[in-house]
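A.B. asks: Spelled out from the first residue to the last, the chains are:
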Amino acid sequence: MAAEKTRSRAWARLLLTAVPVLLCLFLLQRLVVPKYADTLPEGALIGAYYREEKDHDLIFLGDCEVYENFSPKVLWEEYGINSYIRGSAQQLIWQSYYLLEDTLRYETPDAVVFNVLAMQYDEPQREAYNRMTLEGMRWSPAKVRSILASMTEEEHFLDYVFPLLRYHSRWSELGVEDLQYMFRSKSVSHNGFTMRVEARPAENVPQGRVLPDYCFGDRAWAYLEKLTALCREKGIQLVLVKAPSLYPYWYPQWEEQIEAYAREQGLLYINFLELTEETGLDYATDTYDAGLHLNLPGAEKISRWLGRTLQEQLSLEDRRGEEALARRWVEKIAAYEAERDTQYAALAAA
Amino acid sequence: MLFTSYEFLGFLLLLFPLYYLCPARHQWKLLLAGSILFYFSAGPSCLLYMLGVTAAVYLAAVRIGDLAREQEELLKAGGAETDREARRACKAAYRKRQKRVLLAALLLSLGILAAAKYVNFLIGNINSLVRAFGGQRQLGFWDLALPMGISFYTFQAIGYLIDVYRGVVPPERNFFKFALFVSFFPQLVQGPISRFRALSQGLYAGHRFDAAVFSRGLQRMLWGFFKKLVLADRMLVAVNAIVRDSGRYTGAYVLAGMLFYALELYADFTGGIDITIGVSEALGIRVRENFLRPYFSKSIKEYWRRWHISMGAWFTDYVFYPVSVSRPMLRLSRFARSHLGQALGRRLPVYLSSFAVWLATGVWHGASWNFVAWGLANWAVLMASQELEPLYRRFHRRFAVRERSWFKGFQVVRTVLLMSALRLFDCYRDVPATFRMFGSLLTARNWAVLLDGSLLNLGLSPLDFGILAAGLALLLAVSLIQRRGSVRDRIAAWPYPLRALLWFGLFLVVLFMGFYGIGYDKSQFIYNQF
Numbered sequence: 223m224a225a226e227k228t229r230s231r232a233w234a235r236l237l238l239t240a241v242p243v244l245l246c247l248f249l250l251q252r253l254v255v256p257k258y259a260d261t262l263p264e265g266a267l268i269g270a271y272y273r274e275e276k277d278h279d280l281i282f283l284g285d286c287e288v289y290e291n292f293s294p295k296v297l298w299e300e301y302g303i304n305s306y307i308r309g310s311a312q313q314l315i316w317q318s319y320y321l322l323e324d325t326l327r328y329e330t331p332d333a334v335v336f337n338v339l340a341m342q343y344d345e346p347q348r349e350a351y352n353r354m355t356l357e358g359m360r361w362s363p364a365k366v367r368s369i370l371a372s373m374t375e376e377e378h379f380l381d382y383v384f385p386l387l388r389y390h391s392r393w394s395e396l397g398v399e400d401l402q403y404m405f406r407s408k409s410v411s412h413n414g415f416t417m418r419v420e421a422r423p424a425e426n427v428p429q430g431r432v433l434p435d436y437c438f439g440d441r442a443w444a445y446l447e448k449l450t451a452l453c454r455e456k457g458i459q460l461v462l463v464k465a466p467s468l469y470p471y472w473y474p475q476w477e478e479q480i481e482a483y484a485r486e487q488g489l490l491y492i493n494f495l496e497l498t499e500e501t502g503l504d505y506a507t508d509t510y511d512a513g514l515h516l517n518l519p520g521a522e523k524i525s526r527w528l529g530r531t532l533q534e535q536l537s538l539e540d541r542r543g544e545e546a547l548a549r550r551w552v553e554k555i556a557a558y559e560a561e562r563d564t565q566y567a568a569l570a571a572a
Numbered sequence: 015m016l017f018t019s020y021e022f023l024g025f026l027l028l029l030f031p032l033y034y035l036c037p038a039r040h041q042w043k044l045l046l047a048g049s050i051l052f053y054f055s056a057g058p059s060c061l062l063y064m065l066g067v068t069a070a071v072y073l074a075a076v077r078i079g080d081l082a083r084e085q086e087e088l089l090k091a092g093g094a095e096t097d098r099e100a101r102r103a104c105k106a107a108y109r110k111r112q113k114r115v116l117l118a119a120l121l122l123s124l125g126i127l128a129a130a131k132y133v134n135f136l137i138g139n140i141n142s143l144v145r146a147f148g149g150q151r152q153l154g155f156w157d158l159a160l161p162m163g164i165s166f167y168t169f170q171a172i173g174y175l176i177d178v179y180r181g182v183v184p185p186e187r188n189f190f191k192f193a194l195f196v197s198f199f200p201q202l203v204q205g206p207i208s209r210f211r212a213l214s215q216g217l218y219a220g221h222r223f224d225a226a227v228f229s230r231g232l233q234r235m236l237w238g239f240f241k242k243l244v245l246a247d248r249m250l251v252a253v254n255a256i257v258r259d260s261g262r263y264t265g266a267y268v269l270a271g272m273l274f275y276a277l278e279l280y281a282d283f284t285g286g287i288d289i290t291i292g293v294s295e296a297l298g299i300r301v302r303e304n305f306l307r308p309y310f311s312k313s314i315k316e317y318w319r320r321w322h323i324s325m326g327a328w329f330t331d332y333v334f335y336p337v338s339v340s341r342p343m344l345r346l347s348r349f350a351r352s353h354l355g356q357a358l359g360r361r362l363p364v365y366l367s368s369f370a371v372w373l374a375t376g377v378w379h380g381a382s383w384n385f386v387a388w389g390l391a392n393w394a395v396l397m398a399s400q401e402l403e404p405l406y407r408r409f410h411r412r413f414a415v416r417e418r419s420w421f422k423g424f425q426v427v428r429t430v431l432l433m434s435a436l437r438l439f440d441c442y443r444d445v446p447a448t449f450r451m452f453g454s455l456l457t458a459r460n461w462a463v464l465l466d467g468s469l470l471n472l473g474l475s476p477l478d479f480g481i482l483a484a485g486l487a488l489l490l491a492v493s494l495i496q497r498r499g500s501v502r503d504r505i506a507a508w509p510y511p512l513r514a515l516l517w518f519g520l521f522l523v524v525l526f527m528g529f530y531g532i533g534y535d536k537s538q539f540i541y542n543q544f
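In the order they appear, the protein sequences are chains D and S. For the first sequence, this note's numbering gives the first residue as 223, with consecutive numbering after it. For the second sequence, this note's numbering gives the first residue as 15, with consecutive numbering after it.
A couple of the hints might just be wrong.
[What the hints assert, rightly or not] Okay, the calculated beta carbon distance ranges per label pair: (1) D:TRP233 to S:SER500: 26 to 36 Å; (2) D:GLU481 to S:PHE155: 47 to 57 Å; (3) S:PHE155 to D:LEU237: 55 to 65 Å; (4) S:LEU23 to D:ASP260: 34 to 44 Å; (5) D:VAL432 to S:ALA128: 48 to 58 Å; (6) D:ARG231 to S:GLY423: 42 to 52 Å; (7) S:ARG180 to D:LEU238: 53 to 63 Å.
No wet-lab data here; the hints were simulated from the structure. Source: prediction; values computed, not measured. For each residue, glycine too, the CB sits at the ideal point set by N, CA and C.
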């Protein structure tokens with residue numbers, strides 16, 4: 223009897239200790255993980271998807287060449303295409319692939335646009351970029367596989383499961399943002415698109431340095447094939463694009479390989495670098511960082527061209543007549559225009 | 015599998031519940047399996063070395079035991095009729111056979127150690143000699159990875175074998191049980207070097223889960239992690255900055271580096287031992303203490319009784335005594351007494367035996383000349399201190415300061431400075447560089463850097479220095495309290511919420527202020543390399 227009493231007291235004590243300890247650790251973890259709100263907002267792009275209504279016609283996959291160069295608002299406003307960009311900084315091809323797997327858990331779009339610049343990487347690159355892509359993903363087998371495929375040598379899977387272990391040393395650099403967004407996220411994009419309105423003409427764009435080998439790596443090819451196969455299996459039309467960024471340099475040898483692949487697989491491939499005239503892009507006014515990324519007018523120009531092409535070639539439905547969806551877009555467009563106006567005002571004041 | 019790796023923590027998370035769910039009589043088997051897995055993670059070839067040493071020592075010990083039994087039976091069979099002379103002859107004959115077995119096993123075990131650890135050192139020196147004499151031919155280095163903890167387990171196994179030979183312990187006849195003694199994972203990589211008599215009982219006995227004992231083990235581990243991750247690895251940044259750019263950091267920086275290294279080494283090694291003892295305690299197994307607040311020592315001699323105790327005791331028992339009472343040494347002693355006088359004649363064997371011990375200690379620490387120099391420097395300081403003993407006595411007869419606290423403080427500081435200075439051989443790992451750095455202490459004349467904020471450019475922020483200062487103050491406070499008994503016992507008497515808060519607080523300190531993860535050097539424990 224006494225022993226039983228002691229045992230139940232021990233269990234009660236353990237429980238009474240474990241609950242506050244775990245709660246405390248949870249709160250501390252929330253506190254120290256980066257919030258990607260005002261600093262490095264790119265890190266919040268992937269996670270924002272889960273707050274969306276998921277009935278998109280088109281999903282973009284890729285890196286900054288996607289989330290800074292294509293405007294879903296234009297695609298909706300002018301063609302009735304409901305699109306979303308699942309892109310983040312230096313998003314590797316396998317990350318794009320697993321993001322598509324993740325997307326397919328919620329919806330099956332009619333088309334996927336994949337930016338082929340990611341083909342240049344065959345190995346995991348930088349932990350910081352991995353984090354920005356992977357942390358935003360909800361836990362699923364796709365996320366686990368994406369982490370395992372992306373980790374650099376110094377990374378550890380456990381650090382993704384318990385980010386506190388990764389960010390433990392951030393305690394000395396915590397700011398107001400960390401408290402402010404401890405339990406909520408800041409909206410940093412417009413269906414995955416981030417806008418910049420300033421203009422910096424592209425001058426003296428450096429030529430690409432000579433590479434020892436221009437062939438894309440086996441791993442990159444394998445994931446492109448997987449991406450193609452997955453789209454085919456799900457009845458999704460895959461479109462390959464090369465965004466019109468002048469740098470990083472897009473080599474003719476790379477272009478040849480992608481063209482050949484698209485031809486072989488019967489895929490639509492659009493290289494915007496060769497469509498300057500058609501899209502009306504002007505590198506003197508349409509880029510905000512001298513040719514690396516497009517600014518808002520630039521992004522809207524090529525989105526307009528892309529929308530028309532997709533509608534013509536893929537027969538994507540114009541959904542502007544859907545009331546509920548149109549209502550959602552009214553709000554989105556208002557937010558888009560508000561940010562645009564704020565940025566222009568700030569630019570004028572500067 | 016580093017003690018500070020996630021893998022190790024995962025390994026423990028798996029092992030602890032399995033161990034206590036396992037029937038008591040099988041627990042040791044689980045420990046053996048766990049130890050093999052632990053060691054296997056360092057590389058399969060490492061396991062081969064250990065298997066070689068274990069098998070050699072096991073077979074030799076069993077043979078020595080068999081010979082002892084045979085001799086006993088023979089003498090018993092002869093009964094009272096056997097005369098004294100015949101008994102003595104029989105004993106001598108068996109002793110000789112036992113000695114042969116002992117020597118063969120020692121040669122084999124030490125040969126494995128030498129092949130793994132010292133062969134390239136030897137080749138390097140031969141090549142240097144050949145070059146010095148104008149020769150062209152150079153020997154190729156062996157492509158060997160140093161097996162983790164090889165010096166520790168080899169010495170532990172040899173200690174056991176000598177104890178069996180001396181009749182101190184009976185031979186363990188179960189190979190697997192003996193293998194567990196050699197491979198017990200918590201102490202495999204950095205000691206302490208345990209004695210069979212002290213460790214085996216705890217290893218082979220069954221242990222029931224006791225929450226109090228288990229949590230004490232975890233507390234000890236946590237304290238070890240604090241020392242290693244919060245203090246040692248933080249100081250390592252400054253030490254590395256100073257040592258790796260020795261052309262720039264001279265003079266006062268050397269002094270700073272010397273003290274940082276002394277503290278880093280202490281926090282690193284004692285932290286590792288705390289984890290070892292803590293893990294063992296959580297398994298219900300007692301492992302001997304290896305440190306007794308060494309930086310409170312008032313002399314070098316005392317320091318070496320309190321630092322790496324198990325190694326010091328090992329060298330005393332298995333090198334110093336056998337060498338000092340060996341036949342050649344006794345002969346030399348007799349010769350010295352008759353030719354050099356009583357005083358020197360009495361001291362000569364002690365000096366030579368100590369020389370052998372310190373040479374071996376230096377070589378044990380690593381296959382390079384800096385460790386040899388470090389060992390011999392320790393020997394020289396110890397011998398000088400012994401020679402100066404009459405002078406000290408005269409001083410203390412004249413000035414009654416021995417019991418004054420300021421004088422004790424002076425002795426402690428002197429010892430710490432002296433030991434830290436000797437550690438520079440270990441720190442720079444290069445004998446000429448160490449002497450140059452010693453020299454720069456006198457010539458650089460840059461003492462201002464100690465106060466003008468230059469130390470903040472060694473890779474540590476002011477916050478890091480603050481954490482170090484607070485951590486070292488805590489270390490000092492704990493050491494002072496320990497002089498009056500166990501700190502954990504005192505804390506255990508506190509009300510539960512208070513002590514839970516304290517341990518959780520320490521856990522958070524390690525979690526948030528520890529140097530681990532990306533961006534930090536994954537530094538292994540310094541003694542893992544020995």
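A.B. asks: Could you work out which earlier hints the structure fails to respect and list their numbers in ascending sequence?
C.D. replies: Violated hints: none; all satisfied.
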